[in-house]
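Participant: Could you put together the complete structure from these sequences and hints?
Those protein sequence lines, which keep their order, are chains A and B. Just so you know, we're using the UniProt record's numbering here: the first sequence kicks off at 1 and counts up by one. Just so you know, we're using the UniProt record's numbering here: the second sequence kicks off at 1 and counts up by one.
Be a bit skeptical, because a hint or two may be false.
It does not matter which identical chain is used: a pair holds within one copy or between any two.
[What the hints assert, rightly or not] Derived DSS-like pairs (lysine-lysine); straight-line CA-CA distance at most 25 angstroms:
id	residue 1	residue 2
1	Lys15	Lys3
2	Lys144	Lys350
3	Lys332	Lys377
4	Lys377	Lys392
5	Lys49	Lys227
In case anyone wonders, no lab produced these hints; they're calculated from the structure.
2 protein chains.
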Amino acid sequence: MLKVLTVSEVLDIFKNAKEVDNEKVDINNALGRVLSEDVVSRENLPGFKRSSVDGYALISNDTYLCSESMPAMLKNKGSIVIGERPEYSINEGECVYIPTGAMLPDGADAVAMIEDCEELGDEVLVNKPASRWENVVFEDDDVKAGEVVIKKGTVIEDRHIAVLAGLGVTNINVKRKVKATVISTGDELISPYEERQIPKVRDINGYFLTAALIKDGCDAKYKGISKDNEEELFELVDKSLEESDIVFISGGSSAGNRDFTINIMERLGEVLFHGIAIKPGKPTLMAKVGEKFIVGLPGHPLSCAVVYRFIMSELIDRMLGRIRTDNSLILKMGENYHKAKGREEYLPVKIEGGFAYPIYAKSSAISVMAKCDGFIKIERDLEGIVNEQEVKIMR
Amino acid sequence: MLKVLTVSEVLDIFKNAKEVDNEKVDINNALGRVLSEDVVSRENLPGFKRSSVDGYALISNDTYLCSESMPAMLKNKGSIVIGERPEYSINEGECVYIPTGAMLPDGADAVAMIEDCEELGDEVLVNKPASRWENVVFEDDDVKAGEVVIKKGTVIEDRHIAVLAGLGVTNINVKRKVKATVISTGDELISPYEERQIPKVRDINGYFLTAALIKDGCDAKYKGISKDNEEELFELVDKSLEESDIVFISGGSSAGNRDFTINIMERLGEVLFHGIAIKPGKPTLMAKVGEKFIVGLPGHPLSCAVVYRFIMSELIDRMLGRIRTDNSLILKMGENYHKAKGREEYLPVKIEGGFAYPIYAKSSAISVMAKCDGFIKIERDLEGIVNEQEVKIMR
Numbered sequence: 001m002l003k004v005l006t007v008s009e010v011l012d013i014f015k016n017a018k019e020v021d022n023e024k025v026d027i028n029n030a031l032g033r034v035l036s037e038d039v040v041s042r043e044n045l046p047g048f049k050r051s052s053v054d055g056y057a058l059i060s061n062d063t064y065l066c067s068e069s070m071p072a073m074l075k076n077k078g079s080i081v082i083g084e085r086p087e088y089s090i091n092e093g094e095c096v097y098i099p100t101g102a103m104l105p106d107g108a109d110a111v112a113m114i115e116d117c118e119e120l121g122d123e124v125l126v127n128k129p130a131s132r133w134e135n136v137v138f139e140d141d142d143v144k145a146g147e148v149v150i151k152k153g154t155v156i157e158d159r160h161i162a163v164l165a166g167l168g169v170t171n172i173n174v175k176r177k178v179k180a181t182v183i184s185t186g187d188e189l190i191s192p193y194e195e196r197q198i199p200k201v202r203d204i205n206g207y208f209l210t211a212a213l214i215k216d217g218c219d220a221k222y223k224g225i226s227k228d229n230e231e232e233l234f235e236l237v238d239k240s241l242e243e244s245d246i247v248f249i250s251g252g253s254s255a256g257n258r259d260f261t262i263n264i265m266e267r268l269g270e271v272l273f274h275g276i277a278i279k280p281g282k283p284t285l286m287a288k289v290g291e292k293f294i295v296g297l298p299g300h301p302l303s304c305a306v307v308y309r310f311i312m313s314e315l316i317d318r319m320l321g322r323i324r325t326d327n328s329l330i331l332k333m334g335e336n337y338h339k340a341k342g343r344e345e346y347l348p349v350k351i352e353g354g355f356a357y358p359i360y361a362k363s364s365a366i367s368v369m370a371k372c373d374g375f376i377k378i379e380r381d382l383e384g385i386v387n388e389q390e391v392k393i394m395r
Numbered sequence: 001m002l003k004v005l006t007v008s009e010v011l012d013i014f015k016n017a018k019e020v021d022n023e024k025v026d027i028n029n030a031l032g033r034v035l036s037e038d039v040v041s042r043e044n045l046p047g048f049k050r051s052s053v054d055g056y057a058l059i060s061n062d063t064y065l066c067s068e069s070m071p072a073m074l075k076n077k078g079s080i081v082i083g084e085r086p087e088y089s090i091n092e093g094e095c096v097y098i099p100t101g102a103m104l105p106d107g108a109d110a111v112a113m114i115e116d117c118e119e120l121g122d123e124v125l126v127n128k129p130a131s132r133w134e135n136v137v138f139e140d141d142d143v144k145a146g147e148v149v150i151k152k153g154t155v156i157e158d159r160h161i162a163v164l165a166g167l168g169v170t171n172i173n174v175k176r177k178v179k180a181t182v183i184s185t186g187d188e189l190i191s192p193y194e195e196r197q198i199p200k201v202r203d204i205n206g207y208f209l210t211a212a213l214i215k216d217g218c219d220a221k222y223k224g225i226s227k228d229n230e231e232e233l234f235e236l237v238d239k240s241l242e243e244s245d246i247v248f249i250s251g252g253s254s255a256g257n258r259d260f261t262i263n264i265m266e267r268l269g270e271v272l273f274h275g276i277a278i279k280p281g282k283p284t285l286m287a288k289v290g291e292k293f294i295v296g297l298p299g300h301p302l303s304c305a306v307v308y309r310f311i312m313s314e315l316i317d318r319m320l321g322r323i324r325t326d327n328s329l330i331l332k333m334g335e336n337y338h339k340a341k342g343r344e345e346y347l348p349v350k351i352e353g354g355f356a357y358p359i360y361a362k363s364s365a366i367s368v369m370a371k372c373d374g375f376i377k378i379e380r381d382l383e384g385i386v387n388e389q390e391v392k393i394m395r
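Facilitator: Here it is in structure tokens:
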């Protein structure tokens with residue numbers, strides 16, 4: 001019996017995938033990695049009381065009821081340098097110059113802005129009352145010790161590296177990369193590095209998948225083209241499983257090699273499904289071998305790309321515990337599009353003048369891949385999209 | 001005279017930036033690189049006539065007026081194998097089995113779908129007329145020789161690598177990476193790898209900028225923290241210019257070191273501006289030294305991030321001739337936001353439940369960087385955004 005699952009049934013299977021182990025990385029190598037535990041601040045930030053303006057640190061009570069006609073007169077004790085502990089503490093009737101970001105001296109409980117003050121010999125005239133803690137940033141105003149600053153599952157971006165550096169966290173726990181091997185099959189395939197031999201076709205998916213996996217944060221290896229021969233492919237898959245979490249067989253679900261891909265899967269593990277109710281990409285095979293996976297992908301480049309991007313990338317998410325960032329775009333459709341009921345469809349679209357236009361092409365056409373700005377998912381039971389309808393473009 | 005420019009004046013200056021040189025890369029190393037010339041196909045794709053279905057290759061005239069009750073009877077010559085030149089040519093009254101993607105044999109001008117045919121001994125009964133070229137993909141249906149398949153300035157993604165492999169283009173001309181050096185300045189700074197010494201603060205921008213530049217496709221080097229000393233910084237900038245296209249001095253526009261950053265710029269080249277009418281990020285300095293640049297960025301992390309992301313990254317675009325992909329998101333505002341007139345503002349926002357909420361924080365707060373899902377640009381003359389207004393979130 002051939003087992004064809006819906007997309008949501010396939011995603012349900014992925015929920016049981018085991019997360020890969022953790023490893024430590026330095027923040028200099030953390031870009032794009034997935035955080036495997038919450039980053040909790042060990043300390044308060046800024047960690048000391050500091051001034052948020054250039055002005056004079058003073059005791060607020062000393063400025064009570066002062067005004068331009070009746071300024072408070074305070075003794076100027078000098079100035080504080082940013083990044084250094086104040087040499088002065090402030091007593092009643094005293095003040096000290098403090099630049100933005102510098103540490104508030106002991107005794108002071110407010111900063112009067114420089115615009116409201118005048119220096120006069122050894123004294124400073126303050127023209128406006130300062131309330132208690134005015135222009136003062138507290139020890140824990142930015143981050144509190146014990147606070148979760150970055151959540152488990154976050155993909156580390158430049159901005160997270162900023163926060164980590166600021167907190168003195170130079171080493172973080174991340175998921176190790178998912179290891180993937182890509183094998184292309186098909187007697188009609190030749191390498192793009194070879195001379196063209198019509199009617200052979202160049203391997204596209206091997207290169208596409210390897211690049212897509214690397215872009216998706218995996219450690220991906222391309223093992224070349226295997227002949228349509230069960231034993232040769234069996235050996236290659238078996239060996240690749242030793243060093244990979246997932247082995248992708250591109251073209252492994254195509255007419256010529258579908259049967260022996262299934263055989264290989266059955267010899268090594270348990271077949272999970274023989275197809276997905278999705279267009280394009282229906283002939284997708286998948287098996288589990290212990291905690292590892294073998295995936296047979298369609299040979300047609302567009303089908304292969306859709307199945308990777310919208311199905312298999314979710315498996316990578318699961319194995320990394322990764323929180324996916326929504327990278328979609330809402331636009332209006334530029335024309336009507338008709339679809340047959342019964343299968344979820346991923347329609348390649350081109351964006352022009354702020355509208356989305358369907359790209360009509362067979363899944364064997366590779367030029368679609370160059371033109372395609374994204375995909376629109378059309379649910380199973382819908383019969384299409386009408387002109388000017390708002391659509392979500394997934395990229 | 002201090003020269004403060006508007007954002008569009010700054011971007012105008014960038015138009016004169018010289019593009020960096022080209023270099024060749026193998027498609028295996030092309031991900032994320034910027035194409036420096038159009039990729040023009042040297043050949044037609046698929047390059048031969050092929051069948052788009054499983055069926056029988058035949059001469060369409062032989063099926064003229066046939067029907068289920070009066071099928072055309074054709075002699076079955078065998079079958080064609082995908083990826084191999086047909087052993088047969090088709091004469092009147094003959095046909096041959098052909099799988100999807102296989103090469104059409106000489107003589108044939110159509111393929112009848114397998115569903116419309118019946119094998120009967122050595123003969124095939126065809127129940128439905130096939131019109132001329134039905135189910136046949138032409139030599140140049142996918143790509144025509146001489147066609148531009150990927151445009152100059154495109155950032156190479158996995159899908160482009162698919163197309164390149166398909167066309168046998170294994171080596172492409174790309175822009176060499178822009179070389180950038182990052183120097184942090186400020187006597188109050190310590191390395192995040194050092195023991196905390198209150199009230200010193202850890203260098204954030206050095207790590208942020210290096211990561212942001214790498215993410216943005218640059219070859220970036222972090223040179224550590226320079227003391228607030230004109231000669232020390234001069235030496236470091238001068239030496240860095242030898243090996244960089246752009247030298248970023250983080251904190252170089254801040255109160256303590258602004259003046260000697262300007263001196264260094266004047267000693268080495270020509271100061272382009274002393275500030276940008278933007279919030280946050282106003283105190284940004286920039287100079288030109290031959291075809292190279294020195295940029296003094298604000299020390300406040302959020303200001304530094306905004307100036308890099310929304311201004312300096314455009315300079316990188318120019319130097320690479322890079323076509324920027326719009327990565328923005330349209331959402332509704334979750335509350336009112338009031339802004340002062342006169343400066344273009346980049347407001348950090350958080351996305352929650354499909355709405356955008358402003359993050360209120362001083363530019364000195366680093367926690368904003370962890371929370372910030374993107375920025376909304378509010379034009380100079382606007383006074384804010386109202387609740388439920390649609391906004392474009394740039395990421």
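Participant: Compare the structure with each hint and give your call.
Facilitator: The hints, checked one at a time:
In this assembly of identical chains, the alpha carbons of Lys15 and Lys3 lie at most 25 angstroms apart only when taken from the same copy (19 angstroms versus 58 angstroms across copies). Proximity of Lys144 to Lys350 under the C-alpha cut-off of 25 angstroms is restricted to the inter-copy arrangement: shortest distance 19 angstroms between copies versus 47 angstroms within a copy. When the C-alpha separation of Lys332 and Lys377 is checked against a cutoff of 25 angstroms, the pair qualifies both within a copy, at 14 angstroms, and between copies, at 23 angstroms. Taking the closest pair of Cα atoms, Lys377 and Lys392 come within 25 angstroms of each other both inside a single copy (8 angstroms) and across two copies (23 angstroms).
Proximity of Lys49 and Lys227 under a CA criterion of 25 angstroms is satisfied inter-copy only: 24 angstroms between copies versus 70 angstroms inside one chain copy.
Of the numbered hints listed earlier, not one is contradicted by the structure.
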